[in-house]
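Novice: Those sequence lines, one after another, are chains A and B. Position 263, counted from 1, in the first sequence is what this note's numbering calls 263; the numbers after and before it change by one each time, with no gaps. Position 269, counted from 1, in the second sequence is what this note's numbering calls 269; the numbers after and before it change by one each time, with no gaps.
Quick caveat, the hints were computed from the structure, so don't treat them as lab data. Check each hint, because a few of them may be wrong.
Ranges of calculated distance between the beta carbons of each label pair, as one might list FRET restraints [what the hints assert, rightly or not]:
| id | chain 1 | residue 1 | chain 2 | residue 2 | range |
| --- | --- | --- | --- | --- | --- |
| 1 | A | Ile-260 | B | Arg-287 | 35 to 41 Å |
| 2 | B | Gly-21 | A | Ile-256 | 44 to 50 Å |
| 3 | A | Ala-165 | B | Arg-103 | 56 to 62 Å |
| 4 | B | Asp-91 | A | Val-266 | 31 to 37 Å |
| 5 | B | Ala-36 | A | Leu-53 | 46 to 52 Å |
| 6 | B | Pro-149 | A | Ala-165 | 57 to 63 Å |
| 7 | A | Leu-140 | B | Ala-36 | 52 to 58 Å |
| 8 | B | Asp-91 | A | Thr-190 | 53 to 59 Å |
| 9 | B | Pro-149 | A | Pro-13 | 40 to 46 Å |
| 10 | B | Gly-166 | A | Leu-53 | 37 to 43 Å |
| 11 | B | Asp-91 | A | Ser-189 | 38 to 44 Å |
Incomplete in silico selection of chain A near chain B, CB under 10 Å [to be verified]:
| id | residue |
| --- | --- |
| 12 | Ile-107 |
| 13 | Phe-109 |
| 14 | Ser-122 |
On a predicted model such as this, the values are computed, not experimentally measured, just so you know. We put the CB at the ideal spot given by N, CA and C, even for glycine.
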Amino acid sequence: MTAAPVPARLRAPGFAARLRSEARVVGELGRRSVRQAFRRPQFLAPIIIFPTLFLAVNTGGAGRAVDLPQFPEVHGFLDFQLAGAMLQSTMLAGVSAAIALALDIEIGFIDRLFAAPIARASFVLGRLAATAVMGAISALWFLSVGLVFGAHIEGGVAGALVVIALVVLNATAFGTLGAALALKAKSASTAQGIFPLVFVILFLSSAFFPENLLLEPARTIAEWNPLSLIADGLRDPIISDLSLRPTLEALGGIAIVAGIGTALSVWGLRSRIQNA
Amino acid sequence: MAGIDLEVSEGEIYAFLGPNGAGKTTTVRMLVTLLAPTGGSATVAGFDVERDAPSVRRAIGVALQEAALDPLMTGRELMHLQSTLHGLPGDEATRRGGELLTRVGLADAADRRVGTYSGGMRRRLDLATALVHDPKVLFLDEPTTGLDPVSRIAIWDEVRRLNEEGTTVFLTTQYLEEADQLADRVGIIDEGKMAAEGTPAALKAQIGRSHLEIVIAEGGSEAAEVVMARFGDPMPSKNGVLMVALEHGASDVAPVVRALDDAGLCVESLNLVQPTLDDVFVEKTGRHLEGADEEQPRPSDLPADEPVSA
Chain A
1 MTAAPVPARL RAPGFAARLR SEARVVGELG RRSVRQAFRR PQFLAPIIIF
51 PTLFLAVNTG GAGRAVDLPQ FPEVHGFLDF QLAGAMLQST MLAGVSAAIA
101 LALDIEIGFI DRLFAAPIAR ASFVLGRLAA TAVMGAISAL WFLSVGLVFG
151 AHIEGGVAGA LVVIALVVLN ATAFGTLGAA LALKAKSAST AQGIFPLVFV
201 ILFLSSAFFP ENLLLEPART IAEWNPLSLI ADGLRDPIIS DLSLRPTLEA
251 LGGIAIVAGI GTALSVWGLR SRIQNA
Chain B
1 MAGIDLEVSE GEIYAFLGPN GAGKTTTVRM LVTLLAPTGG SATVAGFDVE
51 RDAPSVRRAI GVALQEAALD PLMTGRELMH LQSTLHGLPG DEATRRGGEL
101 LTRVGLADAA DRRVGTYSGG MRRRLDLATA LVHDPKVLFL DEPTTGLDPV
151 SRIAIWDEVR RLNEEGTTVF LTTQYLEEAD QLADRVGIID EGKMAAEGTP
201 AALKAQIGRS HLEIVIAEGG SEAAEVVMAR FGDPMPSKNG VLMVALEHGA
251 SDVAPVVRAL DDAGLCVESL NLVQPTLDDV FVEKTGRHLE GADEEQPRPS
301 DLPADEPVSA
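Excised from the complex, chain A in its bound form:
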């Protein structure tokens, strides 16, 4: 195809303008994804409803676990379980992100984005922004539920803010894994298939039960499972005064998840672009 000289609007914008424009695109795609979650209950249910029910059942049914020797000192089992519920919620937020992204690939929505003059990573970044927002919603929800039903947040307001920040970061980290899964699977039903695995990985960590009370080989697996670092870091400001070490360890666990997820996402995005 031939054309006349290039008009100004077709010329590549400068770096700063491009950065501003990409930020707007990521924001707009993030808004779209949050709206999508609220308009399609199956995206919201795994993040809020399932973990809440799980929390209710666990707390109600196994509340006497706090009487076990060597169980950490807590006000109640609910205080202990809140971290597990938030971890479960953020992991399922990652699965929801995977399903939503895979749907975008299935219906061809990704082509709309890839045919536009934007960085192709924006497709993933927009979804991650939304997953972060869902993480914040999840943290606020579970802290509120906990407080309403008698949980104590020993770390006070600062502790609650640390929990919220960790949950947001964790949701984003699991969002990268979800993005990698969607880009490779390209099918929502395949992405959905990962759902049960979340529970297996969670139960093999300290999310719902103290690591030192688990039986072998679960105990050893939980020791090496980065989710234990995250669960313990989330739990610490709830059941004790705020301290730096568990928070840093949680950040380390999140970094491991995010590192793996980001590497796999970049790989998936590259192969997606090459084989589009």
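Model the placement of chain B on the given structure of chain A, informed by the hints.
Specialist: What follows is chain B alone, placed relative to chain A:
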């Protein structure tokens, strides 16, 4: 793809015509930078699709075959998103979105979710999203496939209007009529290769003369065949319809009718059949374009006792 070599001039409507699986969509996906070519080169709006893909994307509007629309978004939200993708500031994005929704007749449905739209509405919305940044070149991949005739004509009208405003249009289609009605030039593609290219008129002229199909009142067929043979080469009759390839084209129609009348033969119906792009397709590939018969029924394809129109 093999041996595709084409050039589309600025301001032209170019139709890529071919059956399913011919390579139309693959070609479009390469031209809109969604698929990297494994060989050869292509420039769109003056930019190389591989080396300068972002500039190509700034210059083009794309409406793909699947009408890739999120059913959970409203029309207005989708327009706003598309405007943001093309770097339009917030206020301008809102104004432009509203303007285009009105233009394609979706202003009243703008705040409804896309999932509630009909097929025609989705196509019009898809077309509107492709226009937010006023593209120099518009790619439409089978823009009317699966649409009812009214929706199809609405899309055609809009494409013509855009072209009159200066937009170059590259469309793929498997509908002969679409290519014939809309395109300045047509490229016929089959099995990944370009089978023929030119204006619809030139392509049809390449393959020969128009022919006349006549139904004569009972008992007069043999005499009519003798009369008709004076005006060109007789063709095998089909289902009682007599056919002759006219030596001088349409100008022979009146003399044929007069001659039949002079011979006392009563013409029940008469149809001048111009060569179609399907005839061109048959000539170039040895087979019919899928769906060509359904699209343009001829008297000879109808049962003998069914009335035919002149």
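Novice: Work down the list of hints and note, for each, if the structure agrees.
Specialist: We went through each hint and held it up to the structure:
no. : hint                              : verdict
1   : A:Ile-260 / B:Arg-287: 35 to 41 Å : violated (53 Å)
2   : B:Gly-21 / A:Ile-256: 44 to 50 Å  : holds (46 Å)
3   : A:Ala-165 / B:Arg-103: 56 to 62 Å : violated (47 Å)
4   : B:Asp-91 / A:Val-266: 31 to 37 Å  : holds (35 Å)
5   : B:Ala-36 / A:Leu-53: 46 to 52 Å   : holds (47 Å)
6   : B:Pro-149 / A:Ala-165: 57 to 63 Å : holds (58 Å)
7   : A:Leu-140 / B:Ala-36: 52 to 58 Å  : violated (44 Å)
8   : B:Asp-91 / A:Thr-190: 53 to 59 Å  : violated (42 Å)
9   : B:Pro-149 / A:Pro-13: 40 to 46 Å  : holds (43 Å)
10  : B:Gly-166 / A:Leu-53: 37 to 43 Å  : violated (59 Å)
11  : B:Asp-91 / A:Ser-189: 38 to 44 Å  : holds (41 Å)
12  : Ile-107                           : holds (6 Å)
13  : Phe-109                           : holds (5 Å)
14  : Ser-122                           : holds (9 Å)
Hints 1, 3, 7, 8 and 10, counting from the list given before, are not met by this structure.
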